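Heads up, the sequence shown is in the numbering used here, so the first residue is 1 and it goes up one at a time.
Treat the hints with caution; some may be incorrect.
Dumping the calculated DSS-like pairs for lysine-lysine here, alpha-carbon to alpha-carbon at most 27 Å [stated by the list, open to error]:
no.	residue 1	residue 2
1	LYS92	LYS7
2	LYS27	LYS86
3	LYS86	LYS50
4	LYS27	LYS69
5	LYS7	LYS27
6	LYS69	LYS100
7	LYS27	LYS44
Derived from the structure by calculation, the hints contain no laboratory data. Since we're looking at a predicted model, the values are computed, not measured.
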Amino acid sequence: MEIESQKKWDSLLLALKERFKMDMDLKSILFIIGLQELGMNQQKFSKDQKLEVMHVAICTLLEPFGHYKYLGRDKDGWPHWELMEKLPALAKDQQEELIKQSILEYWSE
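Using the sequences provided together with the hints, build the complete structure.
Here's what the structure looks like:
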């Protein structure tokens, strides 16, 4: 991660820690974004539902890059996307970098 991006990332982590009163990692940030996009308050979720909430975040973050197209919400209020462009094969650190950059873009809007 570039120095400037790393500073922004560290600043975001600090702001989220202050807001939510806990240390944040990538998974917890994705979960928060997913909840925000769903318009749901924190409630009890099953393990599968937690993964679905994080999937909502991933689709939301990657939609501006053309990887997903938003289709709308189902009768239960869950959003759905269509895969438009398969993600290139990336190493784990490259995937993490892409997600971090997407999160920074998301919170800069």
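How the hints compare with the structure:
no.: 1; hint: LYS92 to LYS7; in the structure: holds (21 Å)
no.: 2; hint: LYS27 to LYS86; in the structure: holds (22 Å)
no.: 3; hint: LYS86 to LYS50; in the structure: holds (23 Å)
no.: 4; hint: LYS27 to LYS69; in the structure: holds (23 Å)
no.: 5; hint: LYS7 to LYS27; in the structure: holds (20 Å)
no.: 6; hint: LYS69 to LYS100; in the structure: holds (20 Å)
no.: 7; hint: LYS27 to LYS44; in the structure: holds (17 Å)
Going through the hint list in order, the structure satisfies each hint without exception.
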